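Residue numbers (this note's numbering), protein chains in the order written: chain A, 1 to 509; chain B, 1 to 509.
None of these hints come from the bench; they were simulated from the model.
It is possible that some hints are incorrect.
Each pair may be met inside one copy or between any two copies, as identical chains are not told apart.
Derived DSBU-like pairs (lysine-lysine); straight-line CA-CA distance at most 35 Å [stated by the list, open to error]:
1) Lys316 - Lys178
2) Lys9 - Lys178
3) Lys9 - Lys372
4) Lys372 - Lys459
5) Lys316 - Lys94
6) Lys178 - Lys459
7) Lys316 - Lys372
8) Lys316 - Lys9
9) Lys372 - Lys32
10) Lys178 - Lys32
11) Lys372 - Lys94
12) Lys32 - Lys316
13) Lys9 - Lys94
14) Lys9 - Lys32
15) Lys32 - Lys459
Bear in mind the structure is a predicted one, so any value in this text is a computation, not a measurement.
Read off the chains here:
Number of protein chains: 2
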Amino acid sequence: MNTSYRELKERLAEIVDLEKTAELLRWDQQVKMPPGGSAARAERLATLGRIAHERFVDPGIGRLLDGLESFEESRPYDSVEASLVRVTRRDWRKARRVPSDLLVELTRAAALAYPAWVEARQRSDFSLFLPHVERQFELRRRYVDCFDDFDEPYDVLLDDFEPEMRTAQVRRVFERLKAEQIPLVEAVGERGHADHPPGHYPVERQRRFERDVVDRFGFDPEAWRCDETVHPFESAPSRNDIRITTRHFEDSLDGLFAAMHEFGHGLYEHQVAPELERTPLCRGASLGLHESQSRMWENLVGRSRPFWRFFWPRLKETFPQALGDVETDDWFHLVNRVQPSLIRVEADEVTYNLHIILRFELEQDLLSGHLKPTDLPEAWNARMEEYLGVEVPDDRRGVLQDVHWAGGHIGYFPTYALGNVIAAQIWERVQEDLPDLESEFEQGEFGSLRAWLGENLHKHGRKFTTAETLERVVGAPLDPEPYLRYLRDKMESAYALPGSAGPSESSAG
Amino acid sequence: MNTSYRELKERLAEIVDLEKTAELLRWDQQVKMPPGGSAARAERLATLGRIAHERFVDPGIGRLLDGLESFEESRPYDSVEASLVRVTRRDWRKARRVPSDLLVELTRAAALAYPAWVEARQRSDFSLFLPHVERQFELRRRYVDCFDDFDEPYDVLLDDFEPEMRTAQVRRVFERLKAEQIPLVEAVGERGHADHPPGHYPVERQRRFERDVVDRFGFDPEAWRCDETVHPFESAPSRNDIRITTRHFEDSLDGLFAAMHEFGHGLYEHQVAPELERTPLCRGASLGLHESQSRMWENLVGRSRPFWRFFWPRLKETFPQALGDVETDDWFHLVNRVQPSLIRVEADEVTYNLHIILRFELEQDLLSGHLKPTDLPEAWNARMEEYLGVEVPDDRRGVLQDVHWAGGHIGYFPTYALGNVIAAQIWERVQEDLPDLESEFEQGEFGSLRAWLGENLHKHGRKFTTAETLERVVGAPLDPEPYLRYLRDKMESAYALPGSAGPSESSAG
Numbered sequence: 001m002n003t004s005y006r007e008l009k010e011r012l013a014e015i016v017d018l019e020k021t022a023e024l025l026r027w028d029q030q031v032k033m034p035p036g037g038s039a040a041r042a043e044r045l046a047t048l049g050r051i052a053h054e055r056f057v058d059p060g061i062g063r064l065l066d067g068l069e070s071f072e073e074s075r076p077y078d079s080v081e082a083s084l085v086r087v088t089r090r091d092w093r094k095a096r097r098v099p100s101d102l103l104v105e106l107t108r109a110a111a112l113a114y115p116a117w118v119e120a121r122q123r124s125d126f127s128l129f130l131p132h133v134e135r136q137f138e139l140r141r142r143y144v145d146c147f148d149d150f151d152e153p154y155d156v157l158l159d160d161f162e163p164e165m166r167t168a169q170v171r172r173v174f175e176r177l178k179a180e181q182i183p184l185v186e187a188v189g190e191r192g193h194a195d196h197p198p199g200h201y202p203v204e205r206q207r208r209f210e211r212d213v214v215d216r217f218g219f220d221p222e223a224w225r226c227d228e229t230v231h232p233f234e235s236a237p238s239r240n241d242i243r244i245t246t247r248h249f250e251d252s253l254d255g256l257f258a259a260m261h262e263f264g265h266g267l268y269e270h271q272v273a274p275e276l277e278r279t280p281l282c283r284g285a286s287l288g289l290h291e292s293q294s295r296m297w298e299n300l301v302g303r304s305r306p307f308w309r310f311f312w313p314r315l316k317e318t319f320p321q322a323l324g325d326v327e328t329d330d331w332f333h334l335v336n337r338v339q340p341s342l343i344r345v346e347a348d349e350v351t352y353n354l355h356i357i358l359r360f361e362l363e364q365d366l367l368s369g370h371l372k373p374t375d376l377p378e379a380w381n382a383r384m385e386e387y388l389g390v391e392v393p394d395d396r397r398g399v400l401q402d403v404h405w406a407g408g409h410i411g412y413f414p415t416y417a418l419g420n421v422i423a424a425q426i427w428e429r430v431q432e433d434l435p436d437l438e439s440e441f442e443q444g445e446f447g448s449l450r451a452w453l454g455e456n457l458h459k460h461g462r463k464f465t466t467a468e469t470l471e472r473v474v475g476a477p478l479d480p481e482p483y484l485r486y487l488r489d490k491m492e493s494a495y496a497l498p499g500s501a502g503p504s505e506s507s508a509g
Numbered sequence: 001m002n003t004s005y006r007e008l009k010e011r012l013a014e015i016v017d018l019e020k021t022a023e024l025l026r027w028d029q030q031v032k033m034p035p036g037g038s039a040a041r042a043e044r045l046a047t048l049g050r051i052a053h054e055r056f057v058d059p060g061i062g063r064l065l066d067g068l069e070s071f072e073e074s075r076p077y078d079s080v081e082a083s084l085v086r087v088t089r090r091d092w093r094k095a096r097r098v099p100s101d102l103l104v105e106l107t108r109a110a111a112l113a114y115p116a117w118v119e120a121r122q123r124s125d126f127s128l129f130l131p132h133v134e135r136q137f138e139l140r141r142r143y144v145d146c147f148d149d150f151d152e153p154y155d156v157l158l159d160d161f162e163p164e165m166r167t168a169q170v171r172r173v174f175e176r177l178k179a180e181q182i183p184l185v186e187a188v189g190e191r192g193h194a195d196h197p198p199g200h201y202p203v204e205r206q207r208r209f210e211r212d213v214v215d216r217f218g219f220d221p222e223a224w225r226c227d228e229t230v231h232p233f234e235s236a237p238s239r240n241d242i243r244i245t246t247r248h249f250e251d252s253l254d255g256l257f258a259a260m261h262e263f264g265h266g267l268y269e270h271q272v273a274p275e276l277e278r279t280p281l282c283r284g285a286s287l288g289l290h291e292s293q294s295r296m297w298e299n300l301v302g303r304s305r306p307f308w309r310f311f312w313p314r315l316k317e318t319f320p321q322a323l324g325d326v327e328t329d330d331w332f333h334l335v336n337r338v339q340p341s342l343i344r345v346e347a348d349e350v351t352y353n354l355h356i357i358l359r360f361e362l363e364q365d366l367l368s369g370h371l372k373p374t375d376l377p378e379a380w381n382a383r384m385e386e387y388l389g390v391e392v393p394d395d396r397r398g399v400l401q402d403v404h405w406a407g408g409h410i411g412y413f414p415t416y417a418l419g420n421v422i423a424a425q426i427w428e429r430v431q432e433d434l435p436d437l438e439s440e441f442e443q444g445e446f447g448s449l450r451a452w453l454g455e456n457l458h459k460h461g462r463k464f465t466t467a468e469t470l471e472r473v474v475g476a477p478l479d480p481e482p483y484l485r486y487l488r489d490k491m492e493s494a495y496a497l498p499g500s501a502g503p504s505e506s507s508a509g
């Protein structure tokens, strides 16, 4: 084995150890840490981040990468060796472009913006958050200025979450989604308002049912754990240490869908090839691909007829009081209800992307200066009316609802909708390859889906970009049509709306 | 402020961040981590340890320390500044003496010995553990050889846990304890065998009662948490992030005493002065002093009459079935029962030190070569018979019971008995300073004890050695007499054995 390669790998392994340690610290902070630990925890995280960053941007890494050019070329493109060198070179060049004083300012701005956002949201007073929005976009413009290889400034921000994807490509996909989804929301509007059966779902029973579901999906307590938090999330301190969280309300089963969603994220990290452990390739390739996995288990599996054919009798048995009078078909409608609403995280499959597109457009307008932060609430509310037909009663349920801008995560939102799009693309391929999938789901078996995803997607970790991944997995570029087909089929099946893909319940799952 | 001092402090703060991060990782490993995470966790810990060590032994730290000599002298001995320089110099000189290849071998030897010990204990087969005992003592002899400032080799090992204490001093104290405690064990033998009331203590109720106790002691959920583990322990990721663990059995209340014990450790870390956060002074001064705090809350408080005058009615109310027929006095006898037994961690206040002295003596004999590891079980069993009058039926309940030697923690055991001795010394002083302590305990109030300990001991963190601390707190060197007085008084009060300190229930608490 090439000694430079071995040295590079060892140096990166230490950096990964520090980053993964930070991931565990953040998990602990949100799940277990007593509140008093915050100040010291911030210092620990800052130190870990600083040491990892210093070690990574070290010129020695650059020299190793330079010396490894012919080694990289001598290895197949998809080998661990070539991929590690290629991806690290890309990461290193990006990291070297950002001066550390800007990084410090970004960190400080986020630390100041977060409590301001919490208070602004609580009081529903955008003016408290306004200076921080201004500051965040100003700093992001300085961040963009560190780079020169982009078509438009937003490309730089997007690249942090969706490597090598361009804004123009996302815009084309989103325009197509808008053209179809806005009318679909209007059409389904009158039929879609099915409420949750107004029942009482005791939390202990929810946990038991949910555990049965994720156990069958592949949640193995030897390598996974599940906790409760206000905001569900997934964390992977290592491949065999996958942590998901969920939450429960006595009057709804949302926690179940949160658990399936986070399971999808966790499975991606868990099934990365063991040989990638302690390398920078040991994680999902992009946020969009990650979200495609969570959406797949939550929606394409967890809101499908075959899934409920198996689980419905069990659910009814678990909550006989709440669900005794509900029929299978009603239940299928309920979990696929469509209802334009104010809050992104509560949105359904049909309306969700429109929440995202709105944010994607506003972010670009703010970055370019076409929109002034002070006019943001008005622009937000106008677009909510235009895309979803809902009136925003206050900023708390409008422009202040998301934490992302407080954290400086601009360019992050589009990955949620890309996740929906990619999930549907992959799903069409899964169904071609695994024709017995539906009957397996009907038996409560999910092993072949899990194995297919592991083999075709998860095991590669971060070796390939999203575009390369799609080319390998579905043989096509990013394409909104499978998602639109899926939506129309689902709506036809759930609401007897006119679809355009023929008799399609089977392909919609 | 001196710039060298500021630089030293900043460099040390980063090292403390890494060490405290490792502490959190170890807590997580024992309390929350899925078992599959072990291998990666070991790598993370190794990396954190390596980076912290490299940064600490850096010659730059030595240069800063050299340059700070006159600064140190210009500040009062007990100032943060002088203490930080003094203690760091001591730590740095020690750390520089041990070559990193020996550190690697020590780590590897412990990693290999641990599973061997687990298996040997399971099978009760010392021969499986023998080569590891040989290796550990061989490596510890090499470790001793790195130093030259000791009276006898064991000093070097002891110093890692009890800085600047010498073996000869411990030996003198232990000889005195032996001379008194062996006859005391014999005398109490026939009267001491009071069993736990054979009752059923539902775990949920134990937790509630225990929480009431530690809440009154000062457990504040803003800065503390409590979890369940097989082996109770305490961990302090930061001053306001104190984590204790306990365990519960349906047929005993041992978990309550474990919780009080770990609370004592936690309080020490919690009450270190805020200005010491992120310095190497932000922890207890030695293991002996630490143990004095856990023993104080467990035994001097938690097994005292005033404590039970308050809690007994509550305990009876919590467990009416198990305790309905038990009287206060009987209960006091039960929690203070004396019974020579095989297992150290289950030993009572009278027999405990003898378990320790046995190990202290055997460790010295093994280190010097007077005792061959192969003859260890025989030597162990002979001394158990001599000191405690018990016959060891197998090595599992004999020489294989403790994990310490597998981890290479030789020189650690004596600190447990020193904790008992120091606790009693401090306790006599506490009682002089706080004459109303008993009546406060009888009201379920523990605030003045907590404040006294904070002010006189805890706030100083690691500024002073044990000897310096004792001089400051009790105005005397290490002295076994207070402990022996306490024991005789307790025995007289609980078993009407002839004591030698006159009417003493009040001073024994």
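Evaluate Lys9 and Lys178 at a C-alpha cut-off of 35 Å and name the case that applies: within, between, both or neither. Cα proximity of Lys9 and Lys178: none, with 45 Å in one copy and 57 Å across.
First find the shortest C-alpha distance between Lys32 and Lys316 inside one copy, then the shortest across copies, and answer within, between, both or neither for a cut-off of 35 Å. Result: close both inside a copy and across copies, 33 Å intra and 33 Å inter.
Pop the pair Lys316 and Lys372 into one bin, within, between, both or neither, using alpha-carbon distances up to 35 Å. neither (52 Å within a copy, 68 Å between copies)
State whether the alpha carbon distance between Lys9 and Lys94 is at most 35 Å within one copy, between copies, both, or neither. For Lys9 and Lys94, both the intra-copy (19 Å) and inter-copy (32 Å) Cα distances are at most 35 Å.
Given identical chains, is Lys316 near Lys94, meaning Cα to Cα at most 35 Å, within a copy, between copies, both, or neither? Neither, since 53 Å and 67 Å both go past 35 Å.
Could you place Lys372 and Lys94 in one of the four classes (within, between, both, neither) given a Cα distance threshold of 35 Å? Within one copy only: 29 Å inside, 60 Å across.
Can you tell me if Lys316 and Lys178 fall within 35 Å by alpha carbon in one copy, between copies, both or neither? neither (37 Å within a copy, 68 Å between copies)
Up to 35 Å between alpha-carbons, please classify Lys9 paired with Lys372: within, between, both or neither. The answer is neither: 46 Å in one copy and 44 Å across copies each exceed 35 Å.
Quick one: Lys372 to Lys32, C-alpha cut-off 35 Å, is that within a copy, between copies, both, or neither? neither (40 Å within a copy, 47 Å between copies)
State whether the alpha carbon distance between Lys316 and Lys9 is at most 35 Å within one copy, between copies, both, or neither. Neither way: Lys316 and Lys9 sit 52 Å apart in one copy and 62 Å across, limit 35 Å.
For Lys178 and Lys32, with the copy left unspecified, which applies at a CA distance of at most 35 Å: within, between, both, or neither? neither (41 Å within a copy, 44 Å between copies)
At 35 Å max between alpha carbons, let me know whether Lys9 reaches Lys32 within a copy, between copies, both or neither. Result: close both inside a copy and across copies, 33 Å intra and 29 Å inter.
Hint compliance for this structure: hints 1, 2, 3, 4, 5, 7, 8, 9 and 10 are not met, and every other hint is.
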